[in-house]
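Start from the sequences and build out the full structure, keeping to the hints where you can.
Start counting at 1 in the sequence shown, then tack on 1078, and there's your number in my numbering.
Each hint should be verified, as a subset may be incorrect.
[As the list claims (entries may be wrong)] Now the in silico label distances, taken between C-beta atoms and shown as ranges:
1. 1260 - 1214: 44 to 54 Å
2. 1221 - 1126: 41 to 51 Å
3. 1277 - 1176: 54 to 64 Å
4. 1108 - 1150: 43 to 53 Å
5. 1144 - 1176: 34 to 44 Å
6. 1130 - 1209: 23 to 33 Å
7. 1184 - 1276: 32 to 42 Å
Quick caveat, the hints were computed from the structure, so don't treat them as lab data. Note that the Cβ used here is the ideal one computed from N, Cα and C, for glycine as well.
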Amino acid sequence: AGRRDVRVPVRGPREVAEVAGSLNALADALAVSEARQREFLLSVSHELRTPLTAVTGFAEAIADGVASGDDAVRAGQTIQREAVRLERLVTDLLELARLGADEFRLDLASVDLAALVRDCAEVWQLRCAREDVRLSVSAPAGPVPVVADARRLRQVVDGLAENALRVTPAGAPMVFSLSVSASGAALSVRDGGPGLAPEDYPVAFERGVLNARYRDRRPVGSGIGLALVHGLVTRMGGTLAAGPAPEGGAAFTMTFPLAPAGPPGR
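Put into C-alpha cells, the structure is as follows:
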C-alpha cells in the first residue's frame, strides 16, 4: 500500500500532464474507497460488539448464579434474541461477499410483482400494527410480470420494509407502491420517518455509510442491508434508487423491465 496523499505534478508535455492527472484522479478515488472501507469495518465492528456484549454479560450472570428464576429466563431470552441478531448480521455479510462471485446463482423466471407485493403486505401489516405504523399498499389489480428470482425479490422487499419500519415513528405512514409504465414496473417502499440529508441519498447503498453517519442519532441497521438489496436488484437486471418520500421520510424505488408475454411464471 502506498501513500494516498502524494500527487504527481501536472506539468510538462500534454501527454505527460494527462497521465499525471489520471494518476492523481486514481489516487483520489483509492483514498475515498479506503476511507469508506474503514467506515464500513468500524460500523460492522460496532454492530457485532453490541450483541456480543449482551450475550457475554447475561451468560456470565447465569453462570455465576447472579441471575436465577425469572431473571435467568429473561437472560436466556435476551441471549437467544441477540444470537439471532448476530446470525442475521453474519448471514448478510456472507451474502454480500457472494454477490460479486461468479458462482452466485439466481433462479430467474417470470414473477408477478403485484402478487408478491400483496403477499409481503399481509406479513408487514401485522408487524406495522404492532408498532402503530399505518401501512398502505397501492398496486394494480392485474398481474405485473417481471423477470427476477422470486425468493431474492422477496428478500429485497422485506429488507427495504425492515429498513423503513425501523425509522418510522408510531402513527406515521409506511407505503408499498407499485406502478407500471412503458419503461417497466416500479416498486417503492416509502416511510414517514425523518428521511436522509440530501447528500446522503446518492451514497445510501454504500456499505456502512448511513450506519456511520446516523447511528448516534436514530435507530440504524447493520450498514449491510441496503448494500445487499442494491446488489441483488442489480444482479437481477433492475435498478434501485433512493430519494425523499412525499410522506416525509425516504423512498427506495426498484425498477424492472416488464417480462415478455408468455406462459405464466411463479
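Outcome of the hint check:
1. 1260 - 1214: 44 to 54 Å: Once the Cβ atoms are compared, 26 Å apart, the range 44 to 54 Å for residue 1214 and residue 1260 is violated.
2. 1221 - 1126: 41 to 51 Å: holds, 42 Å
3. 1277 - 1176: 54 to 64 Å: Hint violated: Cβ distance 30 Å, outside 54 to 64 Å.
4. 1108 - 1150: 43 to 53 Å: Since the Cβ atoms of residue 1108 and residue 1150 sit about 52 Å apart, the hinted range of 43 to 53 Å holds.
5. 1144 - 1176: 34 to 44 Å: Given a distance of about 41 Å, which is inside 34 to 44 Å, the answer is holds.
6. 1130 - 1209: 23 to 33 Å: holds, 26 Å
7. 1184 - 1276: 32 to 42 Å: Since the Cβ atoms of residue 1184 and residue 1276 sit about 33 Å apart, the hinted range of 32 to 42 Å holds.
In the structure shown, a violation is registered for the earlier hints numbered 1 and 3, in ascending order.
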